[in-house]
Amino acid sequence: MAVLELERDVATEAPVRRPRRVGMLFIGSVAWIVLIGLSAIFADWLPIQSPTDMDLLAKRAPLFSPGHILGTDHLGRDELSRLIYGGRVSLLVGLLAPVIGVIIGGCLGMVAGYFRGRLETFAVGGVDVLLAFPPLVFVLAVTAFMGQSVANITIVIGVLGIPAFTRVARAVTLTLSEREFVTAARALGATHSRILMRELLPNVALPLLAFFLLAVAVTIVVEGALSFLGLGVPPPTASWGSMIGEGRENLDIAPWLAFLPAGFMFLTVLAFNVIGDTLRALTDPRPGAL
Amino acid sequence: MAKFLGRRLLYLLPVLLAVTLLTFLVASLLPGDLATTILGDQATPEKVAALRAEMGLDLPIWQRYGIWLWGVLHGDLGRSFRTGETVWAAVTARLPVSLELMVIGVVLSLVIAIPLAILCAVKSGTALDRFFTGLAFGKLSLPNYMVAILLIYLFAVELNWLPATGWVPFAEDPLANLRSFILPAVTLAFAEWPVLMRVLRSDMIATLQEDYIAMAKAKGLRPARILLVHALKPSSLTLVTVAGINIGRLIGGALIVETIFALPGIGRLLVGAIYARDFIILQGVVLFVAAGFVVVNFIVDMLYAVLDPRIRHGRA
Amino acid sequence: MTSIHSRLAKIILPVAIAAGLSAAPALAQKKGGALTVGIELDIAGFDPLKVGVYDTSPNIAASLFLEQLTRLDENGKPKPSLALSWSASEDYKVWTYKLRPDVKFSDGTPFNAQAVAFNFNRQKDPKNNCRCAFYIANVLSVEAKDDLTVVYTLKDPAVNHPALLTRPDQNSTIHSPTAIQAKGDDYNRNPVGTGPFVIKSWTAGDRMVLERNPDYWNKGKPNLDRVILRPLPDAQSRFASLVSGETDVVWADEYEADNITRARKNNALQVLEYVGSGAGVAALNTKVPPLDDVRVRQALVMGLDKKKISQALTNGLARPASNPYGEGSWVKCKDDGALPTDPKKAAELIKEYGKPVQFKMLFTATPRGRATSQVYQQLWKQIGVDMEIEQVDQATFPPRAFQRKFDIIGWRIVDFPDPDVQMFANFYSKSPLNLANYSNPELDKLLEQSRVTPDEGKRTEAYCAISRLLNKEATWMWIFQNTYYAMAKAKVKGIPKLYGGVIDVSDAWVE
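Residue numbers (this note's numbering), protein chains in the order written: chain A, 17 to 306; chain B, 6 to 321; chain C, 261 to 771.
Think of the hints as simulated: they come from the structure by calculation, not from any bench. Incorrect hints may appear among the rest.
[As the list claims (entries may be wrong)] Listed below are the simulated BS3-like cross-link pairs for lysine-lysine, each with C-alpha atoms no more than 27 Å apart in a straight line:
1) B:52 - C:384
2) C:290 - C:353
3) A:75 - C:566
4) B:52 - C:568
5) C:732 - C:753
6) C:387 - C:339
7) C:525 - C:665
8) B:52 - C:605
9) C:566 - C:604
10) C:405 - C:566
11) C:415 - C:732
12) C:690 - C:525
13) C:705 - A:75
14) C:567 - A:75
15) C:339 - C:443
16) C:568 - C:604
17) B:52 - C:594
18) C:337 - C:732
19) C:415 - B:52
20) B:222 - B:238
21) C:290 - C:460
22) C:566 - C:415
23) C:415 - C:460
24) C:525 - A:75
25) A:75 - C:732
26) C:641 - C:751
27) C:415 - C:665
28) C:604 - C:290
29) C:665 - B:52
30) B:52 - C:387
31) C:384 - C:481
32) C:665 - C:615
33) C:605 - C:594
34) C:641 - A:75
35) C:620 - C:665
36) C:690 - C:665
37) C:547 - C:481
38) C:291 - C:353
39) C:337 - C:594
40) A:75 - C:620
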């Protein structure tokens with residue numbers, strides 16, 4: 017399931033080595049995220065129409081129509097408003113799902129990388145099982161069992177992201193465990209939990225954060241894919257993915273209905289990628305182990 | 006080496022067991038089962054109970070798993086209650102489609118990714134490098150369902166050069182078969198090449214800074230030879246890993262590509278089986294997909310050993 | 261008015277024989293060639309015991325290689341197919357069919373009365389637990405009187421029984437008994453019939469290739485050498501395949517209004533349209549609050565502006581329905597008691613009810629269900645009703661309906677040549693499909709009366725009374741009439757009316 021693939025194994029992928037100064041691209045990306053983020057947060061107070069109110073007789077109004085700057089969708093709903101509210105859902109899922117991965121996968125990976133032995137075999141085995149398990153079966157089963165909702169979608173994508181975070185955390189921990197400061201702490205008689213929390217965690221956190229931002233980008237695309245397949249957020253909630261899916265049916269009559277949300281998604285994902293990548297380049301611990 | 010092989014193989018079995026058991030558990034979560042699907046509007050509780058008993062669905066889950074596993078160990082994957090089709094027939098009918106799509110897609114993505122990566126690594130830091138890495142970066146942010154739709158409208162509907170949906174069996178007409186795979190494979194390759202190019206490029210840059218490359222240059226070897234023989238092989242470890250994972254995943258079919266281009270692949274079989282609650286088929290497909298994934302990863306591990314002898318000894 | 265049916269019943273139809281043998285080709289029919297048809301869904305199989313019910317996609321395939329005793333002519337009346345003629349007893353409870361001689365299944369098995377009885381008994385046998393048995397509940401027995409005479413004995417009278425056998429469905433198609441017995445579990449995907457084509461190859465999920473049956477009883481038929489059926493579930497891909505020439509005919513529905521409009525403008529394409537009987541409907545579960553209150557139900561009906569919905573979802577293509585029969589039915593009512601579309605009145609009724617009106621409506625998890633659900637929700641919101649959308653997959657939908665685990669559920673009254681089957685199934689109080697959970701002795705009496713009345717005028721009266729009653733009680737909502745579509749290349753000829761949405765290309769040719 018190429019599209020549902022959460023781990024692009026970015027962990028093993030070295031960042032593009034950029035000059036170590038923060039470029040215009042980075043500033044632009046941050047600005048875009050801030051803009052999208054603020055409009056998502058304050059959507060309820062913005063002077064825009066309701067994202068669900070329909071003008072059934074004015075469906076697929078073109079761009080710059082009176083009252084609808086970006087036109088209306090196939091059911092006569094204000095496109096701008098849906099883009100903003102859709103961004104809210106996409107960002108919400110995109111930011112929350114990787115949190116699940118970062119917490120569970122991060123702990124699992126650190127413990128596995130630090131203690132090695134059976135525990136590691138077990139964790140790596142668990143990751144392999146999750147990876148070998150067709151993600152779509154999981155998605156369909158969970159949504160059929162618990163119902164389609166933003167929360168459930170978030171949980172599903174979050175769980176699917178665990179293996180990737182486990183791998184990153186483990187790889188970083190593996191290299192760090194052999195560093196002098198860990199050996200020193202051990203020699204001084206520090207407990208395992210102290211070493212994990214005080215010595216390792218601060219050092220693992222940064223690469224995990226960089227990876228987290230890339231995971232946000234991937235999650236937004238995955239949520240879009242699920243919504244595109246009709247397995248994402250339930251109607252009438254808008255998300256960029258469902259808007260692309262619905263817009264697809266109108267591609268040659270109102271192509272902007274698919275291209276606008278696609279463009280928004282593209283820019284947002286690109287921005288998260290740029291920010292994540294820049295952070296990673298700045299903090300690159302260059303984990304040697306595969 | 007033999008010991009290493011054996012250990013790896015031994016490791017595969019529990020993974021497969023866990024995956025299939027997980028499928029059983031997850032499938033049992035789904036509301037409704039094959040009995041309710043078959044009976045439809047006739048699904049009175051008594052009839053459902055009778056049919057469930059007939060199909061063995063009323064047994065506890067571990068017992069059903071045991072029966073299934075026993076069958077698999079004896080080479081019997083079972084038969085769908087719904088269609089009467091054997092799992093073997095259902096899977097082998099679809100597998101070639103998914104495999105062909107995967108192979109063409111992956112080869113295509115490598116053909117794009119490898120030369121670009123070498124080019125960018127050699128010219129690293131130049132405008133050329135920045136252009137292609139930027140392009141790859143941008144593509145990462147473009148979902149492949151968008152790519153698929155664009156390709157269909159451009160090449161199938163507007164230009165009418167290539168079929169949008171016309172999968173033709175290879176045995177029937179090899180040329181038409183290949184034509185029908187162009188758009189889906191290009192869609193897949195579009196999704197894969199940026200990742201592959203990025204990993205190879207950065208590994209290549211690192212390799213090119215190694216001493217032995219400088220030595221080879223000093224010895225006056227031709228640059229092309231240095232790049233392709235001395236630099237490419239040690240730089241391709243990560244590439245092989247990433248490509249391996251992608252291949253493993255694609256054995257399970259690429260559902261969106263299959264749906265949009267109407268390819269009868271594994272992905273659609275899987276979804277159909279879930280929707281119809283045809284768990285015997287589901288179970289069989291998952292077994293195949295998981296086995297494929299595990300085997301590909303196994304091969305990737307083997308390739309490591311070939312590419313980098315240290316791993317053979319270091320890890321075993 | 262002297263009913264046509266009462267006359268039909270007493271005489272054996274001599275005209276029928278002539279009509280059946282020479283299908284009166286007014287146009288020059290071209291022989292040979294192949295036709296590729298894009299159908300909507302993949303086909304699971306054809307063994308009634310396994311699949312239970314055929315939906316449109318298997319119906320289309322079945323019309324090529326399987327046959328029924330009768331089929332519908334251009335006027336929607338039964339004409340001979342495997343049966344040559346028929347007659348009924350005075351009380352319409354016993355129907356006798358004379359079969360066509362010298363017909364063989366494509367595996368060489370002779371077609372005869374025993375084969376018809378075998379097919380029926382297999383479906384009826386309680387041990388076989390066939391979902392299909394429900395639809396023949398009214399038939400007590402089918403007996404072979406001699407090789408070419410079959411007698412159907414019915415529980416309740418059916419004045420239009422031959423019409424009920426016309427659909428290429430799970431109950432009416434006649435399969436080869438030897439093939440069924442010999443192949444067992446494998447029969448489902450290796451079916452054998454008497455039709456003009458035989459299945460040559462079938463790749464699940466991809467295509468079914470049918471070639472002309474060289475031993476077909478109707479010499480000179482079919483016109484085509486080969487028909488290929490391809491399941492193309494995605495509407496946009498399906499239309500794209502027609503435009504790019506990979507298919508010659510595709511199934512369509514009104515939710516593809518844009519494509520239909522485009523096809524109509526395209527000289528190389530044609531659109532086939534058939535207004536059938538029946539309708540897309542919704543059942544209101546009258547046992548759960550707030551739907552147990554008739555005011556709420558009426559408000560919901562009045563608040564749903566079907567013209568607007570049609571405009572929004574189908575560019576105005578879908579015709580609003582006001583009763584369960586539709587324009588395609590012979591039941592025409594002067595007064596069907598339809599409630600007016602009146603959101604203001606609806607809002608008042610909701611206010612009068614006093615309590616907040618909240619409920620869930622069940623839709624399939626498809627793009628169509630998605631779009632429809634949102635429009636309903638929006639329209640009802642405007643009259644002060646809070647509807648929550650619940651989307652479930654196809655496997656969950658029927659059990660939920662049957663177990664009445666819903667507040668409102670979308671449903672369909674299928675296009676049938678005679679309304680009786682569908683009316684009884686959906687509205688009779690003791691029917692397992694009485695989805696509205698509604699019982700009313702008056703309604704039951706009217707339903708019983710309409711099935712035993714031979715006179716068409718009197719039956720119409722009864723059916724219109726039923727419609728008035730249902731509309732007044734608002735236990736069901738009639739949304740859109742059944743209209744069936746197919747899009748085809750202009751050079752494809754000879755496809756009959758799309759009865760029940762079935763695209764029957766068995767007689768088609770390509771110019």
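Evaluation of the provided hints:
no. : hint          : in the structure
1   : B:52 - C:384  : holds, 15 Å
2   : C:290 - C:353 : violated, 44 Å
3   : A:75 - C:566  : holds, 16 Å
4   : B:52 - C:568  : violated, 43 Å
5   : C:732 - C:753 : violated, 45 Å
6   : C:387 - C:339 : violated, 34 Å
7   : C:525 - C:665 : violated, 45 Å
8   : B:52 - C:605  : violated, 45 Å
9   : C:566 - C:604 : holds, 15 Å
10  : C:405 - C:566 : violated, 52 Å
11  : C:415 - C:732 : violated, 31 Å
12  : C:690 - C:525 : violated, 49 Å
13  : C:705 - A:75  : violated, 46 Å
14  : C:567 - A:75  : holds, 14 Å
15  : C:339 - C:443 : violated, 32 Å
16  : C:568 - C:604 : holds, 16 Å
17  : B:52 - C:594  : violated, 43 Å
18  : C:337 - C:732 : violated, 32 Å
19  : C:415 - B:52  : holds, 23 Å
20  : B:222 - B:238 : holds, 17 Å
21  : C:290 - C:460 : holds, 22 Å
22  : C:566 - C:415 : violated, 39 Å
23  : C:415 - C:460 : violated, 40 Å
24  : C:525 - A:75  : holds, 21 Å
25  : A:75 - C:732  : violated, 33 Å
26  : C:641 - C:751 : violated, 48 Å
27  : C:415 - C:665 : violated, 31 Å
28  : C:604 - C:290 : violated, 59 Å
29  : C:665 - B:52  : holds, 18 Å
30  : B:52 - C:387  : holds, 11 Å
31  : C:384 - C:481 : violated, 33 Å
32  : C:665 - C:615 : holds, 22 Å
33  : C:605 - C:594 : holds, 24 Å
34  : C:641 - A:75  : holds, 19 Å
35  : C:620 - C:665 : holds, 10 Å
36  : C:690 - C:665 : holds, 18 Å
37  : C:547 - C:481 : violated, 54 Å
38  : C:291 - C:353 : violated, 43 Å
39  : C:337 - C:594 : holds, 23 Å
40  : A:75 - C:620  : holds, 26 Å
Hints 2, 4, 5, 6, 7, 8, 10, 11, 12, 13, 15, 17, 18, 22, 23, 25, 26, 27, 28, 31, 37, 38 from the earlier list are contradicted by this structure; the remaining hints agree with it.
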